[in-house]
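Taken in order, these protein sequences are the chains called L and F. Here the UniProt record's numbering is used: the first residue of the first sequence is 1, the next is one more, and so on. Here the UniProt record's numbering is used: the first residue of the second sequence is 1, the next is one more, and so on.
Heads up, none of these hints are tricks.
Taking lysine to any residue and the SDA-like style, the derived pairs with C-alpha atoms no more than 25 Å apart in a straight line are:
| hint | chain 1 | residue 1 | chain 2 | residue 2 |
| --- | --- | --- | --- | --- |
| 1 | L | Lys400 | L | Leu86 |
| 2 | L | Lys198 | F | Leu225 |
| 3 | L | Lys189 | L | Phe165 |
| 4 | L | Lys125 | L | Ala110 |
| 5 | L | Lys287 | F | Ala248 |
| 6 | L | Lys318 | F | Ala137 |
| 7 | L | Lys56 | F | Gly78 |
| 8 | L | Lys289 | L | Pro255 |
| 9 | L | Lys90 | F | Val134 |
| 10 | L | Lys289 | F | Thr57 |
| 11 | L | Lys90 | F | Ile147 |
| 12 | L | Lys56 | F | Ala68 |
| 13 | L | Lys90 | F | Leu157 |
| 14 | L | Lys430 | F | Val135 |
| 15 | L | Lys56 | F | Leu86 |
| 16 | L | Lys259 | F | Thr59 |
| 17 | L | Lys90 | F | Ala137 |
| 18 | L | Lys90 | F | Leu143 |
| 19 | L | Lys287 | F | Ala71 |
| 20 | L | Lys90 | F | Pro139 |
| 21 | L | Lys289 | F | Glu53 |
| 22 | L | Lys354 | L | Gly139 |
| 23 | L | Lys285 | F | Met67 |
| 24 | L | Lys56 | L | Gly356 |
| 25 | L | Lys198 | F | Tyr244 |
| 26 | L | Lys287 | F | Ala68 |
| 27 | L | Lys287 | F | Thr59 |
| 28 | L | Lys318 | L | Phe388 |
| 29 | L | Lys259 | F | Ala61 |
| 30 | L | Lys285 | F | Ser56 |
| 31 | L | Lys189 | F | Ser56 |
| 32 | L | Lys63 | F | Val80 |
| 33 | L | Lys259 | F | Trp42 |
| 34 | L | Lys285 | F | Thr59 |
| 35 | L | Lys185 | L | Leu407 |
| 36 | L | Lys285 | F | Leu70 |
Listed next, the stretches of chain F that the computed footprint assigns to chain L, with coverage defined by at least 3 CB atoms under 8 Å from CB atoms of chain L:
| hint | region |
| --- | --- |
| 37 | 144 to 158 |
| 38 | 227 to 238 |
| 39 | 242 to 248 |
By construction, these hints were calculated from the structure, which means they are not laboratory data. Virtual Cβ for every residue (Gly too), placed ideally from N, Cα, C.
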Amino acid sequence: MRSGRLAVAGAAVLALALSAGCSSGSQESAAPTAAQTSAAGPVTLTYWSWVPNMDKIVAVWNKAHPDIQVNVSKQAGGDDAAAKFLTAAKAGNPPDLIQAEYQMLPSFVAADAVADLTSGTAQVKGEFGEGVWGLVTLGTDAVYAIPQDSGPMMLYYRKDLFEKFGVEVPKTWDEYAEAARAVHKADPKVYLGTFSSKDPGSFAGLAQQAGAQWWSIQGESWKVAIDDAATKKVADYWGGLVKEGVIDDQPYFTPEWNKALNDGTLLTWPSAVWGPGVLSSNAPKGKGKWEIAPLPQWSAGENATGFWGGSSTAVAQKSPNQAAATQFATWLNTDPEALSLLVTEGAVYPAATKGGAALTSAPDYFSNQPDFWQQTAAISATARGFTFGPDVNVTYNAFKDAFDKALQNGSSFSDAVGVMQETTVADMQKSGFQLAR
Amino acid sequence: MAVTTRAVATRRVLKRPLRPYGVAPTAILLLGAVYCLLPVSWVLVAATKSKAELFSTSTFAPGTGLMANLADLAAYRGGVFWLWMLNTLVYAGGGALLSTAVSAVSGYTLAKYRFRGRNLIFNVLIGGILVPSVVLAIPQYVLFSSIGLAGSYWSVLLPQILHPYSIYLARVYAGAAIPDSLLEAGRIDGAGHWLLLRRVALPLMLPGMVTIFLFQFVAIWNNFLLPFIMLGDDHTFPLTVGLYTLLAAGANQPALYNLIITGALVSLIPLIALFLTMQRYWRTDLSSGAVKS
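Build the full structure now, drawing on both the sequences and the hints.
And the structure:
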């Protein structure tokens, strides 16, 4: 009897606490629900992005468009944002707009998480180059996002130390290998470059340069060719150099790597157009000592490069305000004012062809190379990508595992590529994708 | 006289064989202390380094950039760091308080009242201890989404209020610290359940509640996955998730190492302050146990 009453009292206390929680909690949750209800009149869109100062860029839009207010929420970048977005989309409350890296876009499409923007973007296609546009259509007739930035790859190198060691800027990968041997022989502490087993994006870019096509869509089915000849060629090239000991094997973006960039024991970095931001922050001592050149080519006279990174703006399938969201995404990535803000505030390399107009003075870190952006534009025109598959995260994780193992055991890099292929195919079969043989 | 000599003799006899065993625990504890404090001291030193010094000077050489780092941190995105700090205090402070209250009442009830299903409830709670909260984060997110609370402050606070281990702790503590005779005496004097709880049980359980509070406070302070999954708006982030957005800034942007390290250092200060102020309650805890035995 007594204990029964107590249990009731306890439940009442709990219920009180919960209801108190709900009533004051509703104030916080009011903002997102407001966005979902209104059809006419002012709408509020949430936008997940990790571009620095995006709130400042959006403020310009908000001022000019009182009816479509955008609320930016800065997220942790890359894979984390993608996973979080997919979870939110499955749970039914995704943001209206999301920054989507090109390699993650197909997995969003496969999960029905992003809307097809074809109807709202008919006039937009002309603003972008063929290569970049292919990344948001996945080679189909649909348009799944609006390209924001792209990451054409080039070779960053220490000009002063190249002169010191008496090596020329390599035009081909053969010359790069020769230079690697020469430099390491002259000073065993110094490496021309490093092979990172933690950065599948970089490896994908190098494979794109060699002409790889990891995925393609044939009718209703996917074709997976990660272990094609081009990719194996790239893998074995780096594997050979690492085995020979003339190229280092430490991953990018680690404190050790930063240290090597700073103390001049690492002379080149094949990276993308966003490299200056990384270098200026992680290797501040090298200011004015680095220059860029096109990536070395596989055979003399060729002229190609790949993409590392880059992202687009996608609209969530579950967003109740898709038209407004598309309007904003189009403005953000094609309007000259927005493009110039993206360059100055967000430090991104715009994907739109008009974006070049905003890139006038070279980055501060590269003040020694005044034609930095002209060079970049020339390199960018030679970049070729490939269609990404619906499970790139699986492929990328397989890259890390397989190449870590290959580095540890000194085993063949092209076998590691084979592991990537098998893992990817197995995962796609398990997820029910139709595969072409 | 005889007693003292015997005591001295015993001490002498006891001392010798004990010595090697006496040194070992001290050495192990010292090693443990070094193990725990070395990373903290690294953070302390690294926070003083400027961008240029961080990766180029030797690890434990102090730098010159502490003030600049602090200024940068305070200025980052209009001082969003302080908002994250405040959020963390709300989550950790509010969550720990609510959790302590729920745990204390539940623990007291489970220890001192006999009712049907008591053992079942307790066993389920024990089982709950074995389920890592990480596993629950995604289902909790889906649940909160379906009731429209995902993304609110409550989505982070509520799941952390019910903490099986704290209830277990409170039950054990209440069982030992509250004599049945005292409750009995209170009942004879005509005190109801509420009065007994307030006037008899809770004061006796206070040291145990402080322990639970501190445990929960630190656990919520350090929690990353739950707020990371639950929260979309960066203005509701706690420090852990906020600092992570500086680290994983995307490929285009370098990680803001200086700000992250300085931010980690600053975020330690409230925890240290809390422990220093709460320590005396822990001491009461120990002594009260000694007197009772």
